[in-house]
Amino acid sequence: EDQVTQSPEALRLQEGESSSLNCSYTVSGLRGLFWYRQDPGKGPEFLFTLYSAGEEKEKERLKATLTKKESFLHITAPKPEDSATYLCAVQVQTGANNLFFGTGTRLTVIP
Amino acid sequence: ETGVTQTPRHLVMGMTNKKSLKCEQHLGHNAMYWYKQSAKKPLELMFVYSLEERVENNSVPSRFSPECPNSSHLFLHLHTLQPEDSALYLCASSQESSIQETQYFGPGTRLLVL
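Which chain is which? The protein sequence lines are A and B, in order. To convert, note that position 17 of the first sequence is 17 in our numbering; the numbers rise steadily by one, no gaps. Just add 111 to wherever you are in the second sequence, counting from 1, and you've got our numbering.
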C-alpha cells in the first residue's frame, strides 16, 4: 500500500537554528515528490518538485533533497515567517495525477 | 483575480441543508480537483476532472456531487451532510491531469456541519 510519513509531527526552532524535516515514502513507482507550505486557514502553496534520487532544489532558506526512500526539507537559519505546516506529497505511476499526502510537519520559529 | 479562488471561505450548514462550493481557476489549466482536509489527516483526493470530464471519483459518498461546467469552474454540491463532513475543502488545478503536473491550490472553504 502506498504510504507517506512525515516527521517530526511538530518542530519548534529558535530563529537561526537550522534543521531538517523528513518525508519517507513507500510507493509502487515514484513519479514525483512535491513539497508544499500551508499557512493556517490557507491552501497549500507549492514549493518544489523532485523527480529522481539525488536531485536537489533550493529556494531562499529551503533546500529539498530526494533519495530512493525519503526526502528532506532543510531549513537554513529560519526566520519567524517560515513558521507554517510543510506538506510532502508523492505521485505514483498508476492512475491519474494522484498525489498521496503526508500529514505534515508543523514548524514554529521563535524570534 | 489570479491563481485559484474559492467561495465561500467559510460555511456553516445544518444536516438537512443544500449548499454549493465554488472554485475558479485563472491559470488556463485543463484539470481540476477537490480535496478534503481534516485535522491530523492527510489531504484526501475526492474528485478529478479533466477537460470537464470526471476522471476519478475516490469512493466519495453521494451526498457530495461535483460539477464542472467548463475547465475554469468547479462546483461541489452538498446535501444531507453529516457532522463528520466538517473539514477544509480544497480545490486545485493543474495544466493536465496526467502525471508529473504540479497542482496549485485555492485557499479552501472551511465547512462546519451542525
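You may find that some hints are simply not true.
Think about it this way: if two alpha-carbon atoms lie no more than 25 Å apart in a straight line, the pair counts; the simulated DMTMM-like pairs of lysine to aspartate or glutamate are [what the hints assert, rightly or not]: (1) LYS151(B) - GLU60(A); (2) LYS152(B) - ASP39(A); (3) LYS42(A) - GLU55(A); (4) LYS42(A) - GLU155(B); (5) LYS152(B) - ASP82(A); (6) LYS152(B) - GLU60(A); (7) LYS133(B) - GLU195(B); (8) LYS147(B) - GLU9(A); (9) LYS151(B) - GLU55(A); (10) LYS129(B) - GLU1(A); (11) LYS147(B) - GLU60(A); (12) LYS130(B) - GLU70(A); (13) LYS133(B) - GLU9(A); (14) LYS152(B) - ASP2(A); (15) LYS147(B) - GLU1(A).
A few chain B positions that, by computed beta-carbon distances, are all more than 10 Å from chain A [unchecked claim]: (16) THR118; (17) ARG174; (18) HIS184; (19) PRO194; (20) GLY217; (21) GLY219; (22) LEU223.
Note that these hints are calculated values from the structure, not bench results. Virtual Cβ for every residue (Gly too), placed ideally from N, Cα, C.
(Q) Tell me the numbers of any earlier hints that the structure contravenes, in ascending order. (A) The structure conflicts with hints 1, 3, 6, 9, 10, 11, 12, 13, 20 and 21, although it agrees with all the remaining ones.
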